[in-house]
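A.B. asks: Reconstruct the complex from the two isolated chains, following the hints.
In the order they appear, the protein sequences are chains R and D. Just so we're aligned, residue 3 is where the first sequence starts under the numbering used here, counting upward by one. Just so we're aligned, residue 16 is where the second sequence starts under the numbering used here, counting upward by one.
Keep in mind the hints are simulated off the structure, nothing from the lab. Be aware that a few hints might be false.
Taking lysine-lysine pairs in the DSS-like style, the calculated list, with each CA pair at most 27 Å apart, reads [claimed, not checked]: (1) K367/D to K55/R; (2) K392/R to K340/R; (3) K55/R to K89/D; (4) K129/R to K490/D; (5) K367/D to K490/D; (6) K89/D to K387/R.
Just so we're clear, the structure is a prediction, and the values are computed from it rather than from any experiment.
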Amino acid sequence: MENIVIIGNGIAGVTLARHIRKQSKHTITIISSETEYFYSRTALMYVFMGHMKLEHTQPYENDFWKKNNINLVHKRVTKVLANQKSVVLDDDSKITFDKLVLATGSKPNKYGWPGQDLEGVTGLYHKQDLEAIEKWAPTTKRAVIVGGGLIGIELAEMLRSRNIAVTFLVREQSFWSGVLPFGESQMINRHIIEHHIDLRLDTSLKEIIADENGHVKAIITDKDETIACELVGLTAGVSPNIDFLKESGIELGRGVKVNRMLETNIKDIYAIGDCAEQHEAIDLRRPIEAVWYTGRMMGEALAQTLTGNPTPYQPGHWFNSAKFLDIEYQTYGWVWAKPKEDELQFYWEHKDGKKAVTIAFHKETRAFIGINTFGIRMRHEFFDKVLTEKRTVDYVMHHLAEAQFDPEFFTSHKKEIQAQFTNQFIGLKTV
Amino acid sequence: MSNSTTNKAITSSQSNPLNSIQKLGLTLGFLGLFIMTLAFFNVNFPQKAVWLGIAITSILVGIVTYARSTYLSKPAGISNNGIFHKSLTNQGAIAWIIGILLTSFYVVLYWFPSFLGLGENGAENTGIVGFFDPLSYFLNGHVASQWFVYGTFYTVAILGLGYKFILKYRHNKYQLVRTISVMFFQLGFAFLIPEILTKLNPELPYFAKDIKNMWPLNYYFFEDWHLTNMLQGGNLGMFMLFFGIAMIFIISPILTYFYGKRWYCSWVCGCGGLAETAGDSFRHLSSSTQKAWKLERWMIHSVLVMSFVTTIAVIFTFLSNNPDLSFITRNQFIYGIVAFLVVFTGALYYFKRNDLDTDAKFTMLSLVAIIIISIAINFFSGNQNILFIDSYELRKWYGFAIGAAFSGVIGVGFYPLLGNRVWCRFGCPMAAILGLQQRLFSKFRITTNGGQCISCGNCTTHCEMGIDVRSYAQKGENIVRSSCVGCGICAAVCPRGVLKLENGDEEGRINSNEILLGNDVNLMDLLNNK
Numbered sequence: 003m004e005n006i007v008i009i010g011n012g013i014a015g016v017t018l019a020r021h022i023r024k025q026s027k028h029t030i031t032i033i034s035s036e037t038e039y040f041y042s043r044t045a046l047m048y049v050f051m052g053h054m055k056l057e058h059t060q061p062y063e064n065d066f067w068k069k070n071n072i073n074l075v076h077k078r079v080t081k082v083l084a085n086q087k088s089v090v091l092d093d094d095s096k097i098t099f100d101k102l103v104l105a106t107g108s109k110p111n112k113y114g115w116p117g118q119d120l121e122g123v124t125g126l127y128h129k130q131d132l133e134a135i136e137k138w139a140p141t142t143k144r145a146v147i148v149g150g151g152l153i154g155i156e157l158a159e160m161l162r163s164r165n166i167a168v169t170f171l172v173r174e175q176s177f178w179s180g181v182l183p184f185g186e187s188q189m190i191n192r193h194i195i196e197h198h199i200d201l202r203l204d205t206s207l208k209e210i211i212a213d214e215n216g217h218v219k220a221i222i223t224d225k226d227e228t229i230a231c232e233l234v235g236l237t238a239g240v241s242p243n244i245d246f247l248k249e250s251g252i253e254l255g256r257g258v259k260v261n262r263m264l265e266t267n268i269k270d271i272y273a274i275g276d277c278a279e280q281h282e283a284i285d286l287r288r289p290i291e292a293v294w295y296t297g298r299m300m301g302e303a304l305a306q307t308l309t310g311n312p313t314p315y316q317p318g319h320w321f322n323s324a325k326f327l328d329i330e331y332q333t334y335g336w337v338w339a340k341p342k343e344d345e346l347q348f349y350w351e352h353k354d355g356k357k358a359v360t361i362a363f364h365k366e367t368r369a370f371i372g373i374n375t376f377g378i379r380m381r382h383e384f385f386d387k388v389l390t391e392k393r394t395v396d397y398v399m400h401h402l403a404e405a406q407f408d409p410e411f412f413t414s415h416k417k418e419i420q421a422q423f424t425n426q427f428i429g430l431k432t433v
Numbered sequence: 016m017s018n019s020t021t022n023k024a025i026t027s028s029q030s031n032p033l034n035s036i037q038k039l040g041l042t043l044g045f046l047g048l049f050i051m052t053l054a055f056f057n058v059n060f061p062q063k064a065v066w067l068g069i070a071i072t073s074i075l076v077g078i079v080t081y082a083r084s085t086y087l088s089k090p091a092g093i094s095n096n097g098i099f100h101k102s103l104t105n106q107g108a109i110a111w112i113i114g115i116l117l118t119s120f121y122v123v124l125y126w127f128p129s130f131l132g133l134g135e136n137g138a139e140n141t142g143i144v145g146f147f148d149p150l151s152y153f154l155n156g157h158v159a160s161q162w163f164v165y166g167t168f169y170t171v172a173i174l175g176l177g178y179k180f181i182l183k184y185r186h187n188k189y190q191l192v193r194t195i196s197v198m199f200f201q202l203g204f205a206f207l208i209p210e211i212l213t214k215l216n217p218e219l220p221y222f223a224k225d226i227k228n229m230w231p232l233n234y235y236f237f238e239d240w241h242l243t244n245m246l247q248g249g250n251l252g253m254f255m256l257f258f259g260i261a262m263i264f265i266i267s268p269i270l271t272y273f274y275g276k277r278w279y280c281s282w283v284c285g286c287g288g289l290a291e292t293a294g295d296s297f298r299h300l301s302s303s304t305q306k307a308w309k310l311e312r313w314m315i316h317s318v319l320v321m322s323f324v325t326t327i328a329v330i331f332t333f334l335s336n337n338p339d340l341s342f343i344t345r346n347q348f349i350y351g352i353v354a355f356l357v358v359f360t361g362a363l364y365y366f367k368r369n370d371l372d373t374d375a376k377f378t379m380l381s382l383v384a385i386i387i388i389s390i391a392i393n394f395f396s397g398n399q400n401i402l403f404i405d406s407y408e409l410r411k412w413y414g415f416a417i418g419a420a421f422s423g424v425i426g427v428g429f430y431p432l433l434g435n436r437v438w439c440r441f442g443c444p445m446a447a448i449l450g451l452q453q454r455l456f457s458k459f460r461i462t463t464n465g466g467q468c469i470s471c472g473n474c475t476t477h478c479e480m481g482i483d484v485r486s487y488a489q490k491g492e493n494i495v496r497s498s499c500v501g502c503g504i505c506a507a508v509c510p511r512g513v514l515k516l517e518n519g520d521e522e523g524r525i526n527s528n529e530i531l532l533g534n535d536v537n538l539m540d541l542l543n544n545k
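Okay, chain D solo, but in the shape it has when bound (with noise of 0.2 Å):
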């Protein structure tokens, strides 16, 4: 008796072709790319809010038939497959291009908007801004600007993107959650309250309507200009001001101690939105080596040092300037800022000394190199040099080096090079503060489960933030560091169920374990607990 199976396929199929459904979303995605390509050159369409819908549409549509089609046909769990072998996630020719393009928006986005075809001096609107226009006038009551156009293709991005990333990671309830939350911050919160709210109030002057977006992150919340605007801005800015400093003083310290900074940066945050989404393709590409922490560890801290500095010399020059607008002197606004950081770093370093890791010691030593600056700004300055620099000019060099270089040009144009939390990892300041309480006072860590580590390494190449997650889970030691943003990855794509996202008591917390769990006890007695 003899039988057989023979091969039907002529070639090998190593490259996955698309299928026809996956070719459909490609063409109803990049057909609405294409119309707004049309609109940016200018191109005049009749009835713009018809061909607008129609292009918004089309790329949703789009991505959503494109991903059904990758990720349904294929049953529940990780889908990794070829990530490294690809040009677009694989920093091949595509990726290049990719970012390319990406990083020229931004540089015209941020200074060269009449490319776009903004208006200047009350001229019309034209080209792709121009189109956004029945948009803008249906959600805000103004003609649309350059920001509102960059506002709705970052939502476009978060939903669409994020719709992908809930069918890749169906099977994993946490990434769910935390993806959803995402996306209804960014629809809700960073877009349409802020443009509803303006369209309700038109009379108010300009200051920002995203309550979710705090300082340090956004950097020109203390500045003259916004608080004014804030102070003039009736009830509504009012409480802008109030829930915005309540952000910073309360609701963030006790929201990351029960849940850590991802409650932030991987939950609400727009940056961290957009990169758990559109940037989800490309978190394998940050760097985990010892020098890429190195200079993450200096980057950071650089900027939460100019941060404070800029906005302490802003805040400063404006006392300075205008004594009978505030209700307190320039003298006791530095010595109040000097006093309160030096009782929160004195308190930190008495309580916890022993939990500091490196990250945390950077962060300190920043906070008391703000402290020092303050010091020097008071004695050193007039009104409106500070250290012999105009605070204006400062803060200009912020707004163009940190606002705008690094966040946007760099911290989105260079996601397929660099990966997707560039920004978050070596220029966020607010993480760096955020990152100090959850590695000091937080119930938030990664347990690792005993001895079931296999140094398989999945954990480190999928970690976004580039920490060297299996260098802990192979020590059987949980993952507290200051840069964690709780995404979940690393726990959904550990191969052994090693990883535990979990927020629990502060007592063991951060340990260390010489022998792992699985052997001898008297040995794992003998040397753990010497």
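Only chain R is shown next, with the shape it has when bound in the complex (with noise of 0.2 Å):
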């Protein structure tokens, strides 16, 4: 029986726990300064929405963790003491451990700007953030958010849901156009406009103003702009939270430097999810992919590893889900923002201008290399299928119905899609 210590009790390290807990007797104990139980942090925006409470966002009841003997510390560690098998809480006790994962996540991205650290200037990630908002929100007449990516979009419907003046900026010429193709990223500036958010295209951050008790004012665009606000979300990515390991020996990269099998440089300590990095990436993944699943699939396979069932951490196709306001987004397989140069890519927007489908497939060979859908649910089975049995595109095209997880009743756009896409792409071949 071993003593396992999880620091950090997000998606990764409580998947892991769970996981032991099934297939072994170790001694486990979780660490988090953020909160006393886990809870989903996807779900804090519907928190402020009041779509629920917060206990709602806790996918496991309060007395789960005693049942499960599953040991909760709600503290933060400054230190990990590796030679000494320990780690250092804020209280200054030392919790000894026998294996030791890093699973603390991220913190949002600030790139220096002036006034970063103002009152009224926060990201959205932990649970403090929303706190924060919360305070600040009753006499925010405008807030200004930066940068435009996922969490961003999500803070400015939070924000909207209770009737405040939002402004975006984006750095790119397009939302998320790093991510989404051309098309996609444009039906979506639409649907930003269509909610009332005052959407700033190809506009940075400068600088944020304080008032005379050192909350924000206002902030100054790259282009020279001031906009007076009184809350400003910083939302230009995420990074790993891994400050508190400067000192401790553990090799560090942007992350912790991990490899297949999510062992550090030392013996006995490993690290997964967010704060997890790559030595080499895998496949087309990023070194670091902070994505709620990926944490979840480290979590499963570490478990193994960690109950005698070595096992590396083999992702299998990527997938990815998301929702922009109203409209919803899956993708599976790899699609990018722009097709690489032996690829092709088909793109179907629906007329009402919130649906839309791109396949992304090899020019030569027709093999279906990935798919976005906006608006329309597909099914992961089949795509993940598809990947796996290295299908064509007409493959796809002529078993969409299949593909479809759209609720019953709803128009199915199929004939329409492969209509367009026979047009384009001389003929449906036959599979």
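C.D. replies: Next comes the structure, spelled out in structure tokens:
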């Protein structure tokens, strides 16, 4: 029986703990300074918008941990003493371990903007961020959000739900255009504006200005425009939350360096989730994957290793999803913002401007590479199988009905999509 | 160069103030209610019919106006903003006031109808019941009863708030079709057709004419007076009797097999209809804790046993007292029931013992309890005394405790406090039976979409049956629960497209995965198929 200590009670750490418990009697301790109990970070926005209470974001009831003999410590780890096999907490007490797992997640990026630490400036990542926004919201007439990604648009939606005016600064020419192909990105731009969000493309933040009390009163953009505001949301991505590890001797890059077994350079210390950085990226993935699903999968894999079944982290086909205000987004396989040289992209958009599909495939072999869908739900299982079996784009086109996951009675746009594809790409080859 | 954007608003606009159209809607709606209130306090309107028409129209137009202004001013999509901030929808003072008013209304309705103005012993109706006389005459040819008043209110609520629900979920065709269905069945089958049939057959004794309201939800279907009235009710009575029995033994099992119990609970049923429309604003108040689930199992199965026993007891007494009226003896009846239940329960156990979850086991045990009690009835009962209790007394108590107090007073009165499906979840014997079939013999399931769940909890929070949907979805497991009424709201509120209500092969319907889709293929094979 080993003594396993996990730092971080997010999806990675908690998945790991649950799976270790399923398969062993190891002592498990989860340490977190953020909250006593695991909650779903992705649901913070719904708490602010009043769709849920914080307790609803907790996937397990409070007595779950005791029942499963998982110890919870609600304290901050300040240091890891690798050679003593212990961690130091903020009250100077120590916890020893046989195996240590770092699952500390991310923190919002701050790029050294003047005024970035003022009152009224926040990211949206931790529960504490939500509490800060909740505190400032009643006196906020306008908020400025900096950074056009998934968190930025969530924060915009949150603030709009309480009728707070929002100016949304996006550095790129179009929303999330580093990830989304042109047509999709344009569609989301329009949807943002439809929700009365003041979208400023090709605009970045230069400076945040304080009032006499040290609270935000305005920002200045790179175009020297001053925008009066009482709240600034910094949502320009996240980076691994690893500052406390600087003197630990654990090899760090942008994150905690790990191999495919999720081991760090120090024996018996592992890292999973947002804070882990692969020495070499897996397939076309990024070395650091700050995504819910990858955190969970790393937890699932490492639990095997720690219970006697050494298992490398070997993610399957890429998938992800998000929701942009009212428009749901799903992706399976790879669809790049700009198709690679040997790729073609097929783009279909519904006339109401709220549904779209992009399919990437190989020019020569017509092999299916990936799909993005907006406002249309697709079946994960279907595309996972298509990718594993290396099917062609024509196969996917023929089996669109099987692929759809929309609720019953929804209008299927299958025929329209197929017709356009046939038109554009020289006939539908039989499969 | 310097330009700037300043704030023009004087205060933060956090509170969403009403716009003028919404105010107009509220005014119209509450003026209509106010007219009703005046009638309740015995204000004697000249031209009752006109004023009643004005009142009902005003309420409906008010709801429509308010709803259109509220929902059509925003892009279509999930609109649950602020439900946990508002007094009405978060068990605040307004919720309590409405809860108290509704509960009091039910108490008066069931036990003190004279307070509503029901003329007793041939006296003329006054008050609100009297106010409805013209409409009642028009529809069924009689003076109004408190039930007519209630039925009208009920129908108006389903129609008005059903329209509101449709606007709220106008991006979701499943919700649209389903809501039109409950509105249609309420207006046609529960309200208009029975009234009109009564008018066309004024000579017949009373029996239920709402063919979709089946036993055991309609707990008096097999009571002696009701059976007698149906038997003496000419062709219509015979039709209702045979259709009622066909509903229970043929139509319902077939539909439940193909579509799950949703065909009834959230598409047809009147209780469900009110819960889905008027109760929609309170669905998130249904507790999804393990504790609530335990309580639910005990309560719904207790009611199930009581409803069966009461019915069996009443028929038993009927057969004992009227051996000449019927074609079977009480012995044949009891052993017929026992044989049927033994075969039914035994077959279920034999074929489906691997699919039984705790809910299903409870239901099976309830059936066994019913078998035992039935046999005991036969051995230890006289004609009237069933297990030393008067069977008519038993039925009276069932009617009081379950039929009135539970389904009405608590079931609807407590909407704003305990959620909109209290009755369906904790009390409805019909739901228990359909639930057993749904779990074991049905094509229906809610499919979980691979590994896409982010555990956000929207599905669990907004499940009116208090099912912890997330606990299945985050394991990549399909949701095959007895209590699921198939309203489809979990799938609607899911931000990642994870849930889909489907009817499909029974193969792989109940699944359970250790490792979710998207991870290492070998690891999934190793752990999921062991």
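A.B. asks: For each hint, tell me whether it holds in the structure or not.
C.D. replies: A quick look at each hint next to the structure:
no., hint, result
1, K367/D to K55/R, "violated (39 Å)"
2, K392/R to K340/R, "holds (22 Å)"
3, K55/R to K89/D, "holds (24 Å)"
4, K129/R to K490/D, "holds (24 Å)"
5, K367/D to K490/D, "holds (23 Å)"
6, K89/D to K387/R, "violated (39 Å)"
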